Amino acid sequence: MRRQLPFILVFAFGLFMIFQYFVPHESSERAYEFLLDWTTIIGIFALAVGIWSLVSVTIEKIKLRKPAWQYSFFTLAGLFLMILFGFTAKVDGHWGFHFYTSEGLQNPMFRSFFDYILTPIQATMFSMLAFFIASAAYRAFRARNVLATLLLIAALIMMMRFNPFLGPVGPLFEKTANWLLNVPSLAANRAIIIGIGLGMVATALKVILGIERGYMGK
Amino acid sequence: MTEALVVTGTNLGVVISLALIAGGVIWLLVRSLKGKEVERRVIFGFVLIAVSAPILFPITFHEQISPVVKAVFDKIESLPAGSTVAISFDFDPAMAPEVQPMANAFTRHCFAKGHKVVFLSIWATGQSLLTSTLDTVVRREFPEKRERIDWVNLGYKAGNQGVLNVIVSDLRKMYPTDVNAVPLDSIPMLAEVKAFRDLSLILAVGGGFPGPKEWVLYVGDPGNVPIAAGAAAVTAPQLYPYYPRQLIGILGGIKSAAEYESAMVDKYPQFDSVDKPGLRMMGPQTLAHMVIMMFIIIGNIVFFRSKRMRSQL
Amino acid sequence: MKRILLTTTFLLLLMGVASAQADSAAPSPPAPPTGVKAVDKPNDHGHAVNISWDMSPDDGKGANSVVTYDVFRWIPAYMDSVAQIRAGLSGIRDTINILDRANRKWSVLEEHLTGDSAKLANDSVVAAQRIPQLRADLKRFRQVLASAVERLPEAHKTYPENGSWRRVGTVPAGQGKYSNVGSKEYEEPDYLPDFSDFYYRVDAVGVVSTTRSSSEVSAPVHSSGQWFNTGRTTVLVFVLAFGFLTVLFVRKARAGHDLYVRPLAGIDAVDDAIGRATEMGRPILYLLGAGTAADIATIASFTILARVSKKVAEYQTTLIVPCYDPIVMSIAQDIVKTGYSDAGRPDAYKEDMVFFITQSQFAYVAAVNGIMIRDLPATNLYMGKFYAESLIFAETGALAGSIQIAGTDEVAQLPFFVVACDYTLIGEELFAASAYLGREPLLLGTLKAQDYAKAAVLLLAIVGLLAVNVGHEANVEWLMKFKELFKVID
Amino acid sequence: MKRSTYIVMAVMALLFAVSWYFKAATYHGNVMSPLVAGFMITLAAFLTLAIISFVYQDNPFYKFAEHLFVGISAAFWMCQSFWSTIVGNLIPRISTGLSKYFGQPYRDEPWNFVYWLPVILGILLLLRLSSKIGWVSRWALAFIVGTTAGLSFIRYLRSDFMEQISSTMVPLLAAGNSGESLLSNITLSATGPFVAMLTNWVIFLGVICGIVYFFFSKEHTGLFGRASRVGIWILMITFGAAFGYTVMGRITLLVGRLTFLYKDWLGLIS
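Residue numbers (numbering that gives the first Met the number 0), protein chains in the order written: chain A, 0 to 217; chain B, 0 to 312; chain C, 0 to 489; chain D, 0 to 269.
Keep in mind that the hints were calculated from the coordinates and are not lab data.
Predicted model, so just to flag it, every value in this text is computed and none were measured.
Check before you lean on any hint, since a few could be wrong.
[Unchecked claim] Listed below are the simulated DSSO-like cross-link pairs for lysine-lysine, each with C-alpha atoms no more than 30 Å apart in a straight line:
| id | chain 1 | residue 1 | chain 2 | residue 2 |
| --- | --- | --- | --- | --- |
| 1 | C | K176 | B | K156 |
| 2 | A | K65 | C | K349 |
| 3 | B | K172 | B | K69 |
[To be verified] Per label pair, the in silico range of CB-to-CB distance:
| id | chain 1 | residue 1 | chain 2 | residue 2 | range |
| --- | --- | --- | --- | --- | --- |
| 4 | C | T232 | D | V113 | 41 to 51 Å |
| 5 | C | A86 | B | A123 | 55 to 65 Å |
| 6 | D | V113 | C | P131 | 49 to 59 Å |
| 7 | B | P96 | D | G87 | 26 to 36 Å |
| 8 | C | T232 | B | D184 | 57 to 67 Å |
| 9 | B | P243 | D | G87 | 28 to 38 Å |
| 10 | B | P92 | D | R225 | 49 to 59 Å |
By construction, the Cβ of each residue, glycine as well, lies at the ideal position given by its N, Cα and C atoms.
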């Protein structure tokens with residue numbers, strides 16, 4: 000029972016979700032809305048488990064003096080400082096602990112940490128792609144075989160649009176690039192998406208029917 | 000090669016950074032002939048310089064105008080001076096960096112040719128962007144053009160394509176007054192314009208819904224008015240099916256805006272001094288793309304040279 | 000300024016209307032629409048009615064052309080009493096909210112205030128004492144409303160006494176249908192009761208809104224919810240067909256039929272990669288992607304992780320699984336734990352093999368980058384949903400000299416994995432991977448089912464294509480409609 | 000630590016202080032005090048540089064930024080979801096006392112009791128922290144996997160599968176919707192019916208070959224193998240084109256960050 004019950008639950012809820020799609024009746028609709036709400040609520044409890052994992056792994060790292068352990072103090076400091084800001088606020092001229100209203104989210108330090116620490120780091124991490132896209136192009140776009148050559152030529156044609164020294168052949172590249180984006184890409188994407196759709200449907204079915212049990216440790 | 004590169008201002012920084020990139024690439028090419036790989040930090044360094052230099056120093060490239068863009072340019076050129084043209088601002092601040100340069104270039108071009116311009120917006124968010132074009136382009140660069148004689152601002156009207164459906168046959172039903180509550184009948188430049196089908200050209204700048212596509216379907220086709228589109232790069236491909244029959248031309252993305260600005264400078268040298276955001280934003284793009292393409296070529300040279308060297312051993 | 004503008008606009012509109020009236024001295028109303036039919040909206044949860052009519056003969060013609068059609072429903076006076084109860088209810092609710100908020104704010108500050116503000120604060124605190132009373136009222140009102148709503152069908156039976164016609168919608172000329180859709184929540188103002196006699200009427204309206212003519216009243220209609228959405232029959236057919244195929248091939252596989260599967264380079268590489276890590280004495284990094292447990296790609300990744308973790312345990316190599324989503328982390332912990340105990344080495348499993356980092360995309364990337372550079376894993380496996388981070392991972396991994404195998408169903412990221420990784424499982428191959436790795440006949444059977452479904456797709460596409468083309472050339476209506484079978488109506 | 004490390008640290012600290020001073024002195028806003036504003040802008044610039052330095056090599060500054068980033072972002076998401084989901088959606092439905100405490104209007108609706116179920120499942124999930132009865136947390140996970148599998152099953156069957164098949168069925172002889180007869184006007188104009196027809200053929204055959212490539216249980220030999228070969232070629236062309244197209248967007252991102260450094264921080268350009 001202890002081993003079987005999870006699979007029975009998967010089967011029951013999976014089947015319900017499939018059949019509710021065909022039933023437009025009010026009762027089916029309500030059940031569907033409830034189920035969606037439930038998953039987000041359970042997700043928050045999971046977040047607590049997640050934060051616990053983060054904290055314990057970080058402390059473990061400090062205890063065992065793993066590589067770069069000193070920096071783990073910054074993780075803990077950032078975490079607790081931000082939580083502190085998130086629950087304190089200055090309301091009508093008085094600083095206080097605001098566990099019972101979301102004013103904490105309006106705390107100026109909470110906002111500044113978001114604006115001056117989270118946002119710049121996030122944007123910079125994202126912008127590192129400009130470097131990596133160049134190094135990946137250098138490393139991988141080599142005419143090793145037919146497939147690699149096709150990859151290379153298509154990429155070059157797309158990038159040639161930005162070459163101002165082409166003169167009269169410039170528009171030709173532009174046209175070819177547009178064609179590549181609109182015709183073969185459409186075909187390839189459609190083939191990939193049909194395959195993905197099938198793969199997903201098959202995986203979902205395997206999970207619901209209990210054929211695939213690997214996801215729950217067998 | 001010299002013709003394509005327009006270095007505005009004999010700036011030392013420009014010369015140094017371009018020399019750095021060109022010299023570096025030649026050095027790497029020589030190395031690659033010996034089959035030596037380029038270290039990735041060198042690539043990163045080149046990308047950094049290629050992007051930084053045009054931001055710090057104004058390096059712009061002359062853009063070869065493509066036929067879809069040239070069609071719009073030629074249309075505005077070919078209209079007799081004094082024709083009435085409408086420019087619609089159908090976009091929001093997020094899209095503005097890409098499409099507002101187009102709207103500004105259209106405005107300059109129309110005024111330079113002596114056309115009369117009707118400004119309007121069918122996006123609520125377009126109104127403030129329209130105002131900014133009026134302030135930064137119309138009033139500042141063309142102080143001699145008088146409101147309601149040379150141009151008029153109709154402002155925003157809610158109703159999406161419903162608005163278009165009406166103004167194609169009756170402008171005053173939807174817009175009894177302009178944005179300052181002046182009745183249209185007392186506006187001289189609109190005396191002959193009873194509906195949008197009376198216009199010589201409509202320039203629809205935008206990329207979402209409603210946008211150029213709706214202008215074609217609700218105004219261009221039923222009213223038989225030529226329409227040209229300025230759109231964001233992501234939405235431009237969806238407009239191509241309408242070209243050239245229903246749309247006389249399309250500007251898609253910042254590259255097209257830069258091409259238009261280039262063409263403007265060629266024809267009207269007086270605009271060389273105004274801000275050209277399209278061309279300005281193209282600098283880092285062009286240089287970075289060139290650098291990455293160079294590295295792909297170098298990579299292949301290294302690959303084939305080292306393969307040959309290995310087979311010779 | 001705004002007011003002036005509005006007034007001017009209004010005056011001008013009035014003038015316009017007046018002049019229009021003056022121009023066409025007393026226009027005659029357009030002929031009324033006929034054949035008004037009201038039916039329950041099909042395939043829905045109830046609370047909606049579809050109305051259709053034959054357009055007025057004057058629609059689209061000359062001076063007394065139709066401008067709009069106004070749709071009217073007969074509404075019993077009792078409906079208004081219900082609306083009043085409803086308004087009372089929401090009034091009480093608002094009052095409670097306002098008092099509650101004011102009380103919270105002022106009760107904190109009361110002692111710091113003087114003069115008028117102190118009085119104000121005191122007043123609001125006193126007023127807040129009414130809240131419990133108001134809550135009781137709210138409950139009472141709710142009961143009254145609930146029982147009042149139950150009597151609505153009865154009230155509709157009194158037609159045509161004790162009620163009036165009210166406009167429920169307007170459509171422009173040239174259209175002959177309208178959907179009167181109401182809310183299913185009886186506390187909403189636009190609630191439409193089910194199982195009540197609804198009567199509809201449609202007016203043809205001319206240029207001036209007073210020139211109108213009414214149609215006959217439709218036969219009474221009930222709205223109700225359905226138990227099967229006929230618009231989705233094709234989907235059901237596909238569900239059943241696919242389910243049948245899967246069960247069939249799984250049974251075949253069980254019976255011991257040998258199934259061929261073509262080799263996939265990415266899958267073969269997984270085994271080698273684990274061996275390589277063991278030889279080098281370096282760990283294996285497994286990323287489940289930025290998806291949640293709600294993504295099938297993540298579930299597919301779980302099944303791969305199950306097989307990988309078992310092999311890793313057998314080879315006695317270390318596994319690192321940093322997670323982006325806490326639920327994904329919980330599931331992954333169970334999987335790896337079971338994988339280790341299945342391999343007979345439960346003692347080798349450590350809690351910090353699978354851990355949570357953060358739900359912020361680039362913070363996760365930053366941390367994983369750090370792991371790649373500092374722990375130098377021999378092999379990086381990226382399976383699941385990946386977004387912009389794909390290329391950052393793949394390039395950092397290449398920098399660290401790891402063998403990289405990726406698999407994702409995120410079409411936009413496939414190019415980056417294909418370019419920067421050693422092996423990539425493209426789309427569907429990701430979902431097939433667990434069957435390949437496990438080599439269990441049962442799972443291979445489902446691959447066969449997938450292939451048959453693909454063959455059916457090819458067949459359908461070709462048949463559909465022929466149908467559309469022949470239909471187009473020969474102008475056969477039903478052939479041209481063939482493709483609409485696959486369109487799902489919502 | 001080596002002596003050079005100390006020197007680098009000291010130089011960085013000095014530069015940080017200088018930047019702090021100048022940014023504080025030139026701050027004109029009134030949102031926060033100049034001292035705080037100067038610190039924050041300098042910090043943002045410092046963190047930007049610290050992250051970019053990773054492309055050169057891993058270093059203490061990157062390590063610092065990375066660890067700080069992880070802690071702060073985890074807390075940020077925790078605070079956000081606590082207020083939006085627990086306080087915003089759950090508490091007003093399950094308890095009058097708690098909703099009063101959190102200042103949320105109590106939502107007195109029928110069926111509210113069903114919201115106790117996710118709470119129970121959530122608590123089961125928390126029990127995984129205990130090693131003895133941790134196995135009950137699987138019930139909660141089973142619930143989530145079951146519902147999402149069922150939901151996805153339908154969603155993908157519909158949108159990724161059926162809709163894509165139907166859009167493959169396009170007229171191959173006549174050109175789209177124009178209704179003109181093909182043979183009467185063959186032109187090579189880019190939008191003419193002939194080219195449109197050709198495009199439709201390429202798309203159709205491309206889709207067929209692409210699907211053939213994904214067959215698992217049939218050997219890719221003969222005609223089948225050739226079709227699969229064409230399929231993978233088309234896939235590769237698509238991937239190359241997508242890669243080349245994306246370069247533009249990624250450069251824009253870097254332009255944005257460098258503009259922040261050169262303009263907002265250093266004030267080199269106006």
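(message) Within 26 to 36 Å: is that where the Cβ-Cβ distance between P96 (chain B) and G87 (chain D) falls?
(response) For G87 (chain D) against P96 (chain B), whose Cβ atoms are near 35 Å apart, the range 26 to 36 Å holds.
(message) Run the distance test for K172 (chain B) versus K69 (chain B): straight-line Cα separation, threshold 30 Å.
(response) Outside the cut-off at roughly 35 Å; violated.
(request) Go ahead and decide if the range 41 to 51 Å is satisfied by the Cβ distance of T232 (chain C) to V113 (chain D). (result) violated, 31 Å
(request) Below or equal to 30 Å on CA atoms is what counts here, so check K176 (chain C) against K156 (chain B). (result) At roughly 28 Å apart (the allowed maximum being 30 Å), K156 (chain B) and K176 (chain C) satisfy the hint.
(request) Determine whether the Cβ-Cβ distance between P92 (chain B) and R225 (chain D) falls within the hinted range of 49 to 59 Å. (result) holds, 52 Å
(request) With respect to the beta-carbon atoms only, verify the hint that V113 (chain D) and P131 (chain C) lie 49 to 59 Å apart. (result) violated, 26 Å
(request) Check the following: the C-beta atoms of P243 (chain B) and G87 (chain D) are separated by a distance inside 28 to 38 Å. (result) violated, 53 Å
(message) Does the beta carbon distance between T232 (chain C) and D184 (chain B) stay inside 57 to 67 Å, or does it fall outside?
(response) holds, 59 Å
(message) Given the hint of 55 to 65 Å, is the C-beta distance from A86 (chain C) to A123 (chain B) inside that range or not?
(response) violated, 31 Å
(request) Would you check the hint for K65 (chain A) and K349 (chain C), treating anything up to 30 Å between C-alpha atoms as holding? (result) Given that 30 Å is the threshold and the Cα spacing comes to 15 Å, the pair holds.
Violated hints for the displayed structure, listed by number in ascending order: 3, 4, 5, 6 and 9.
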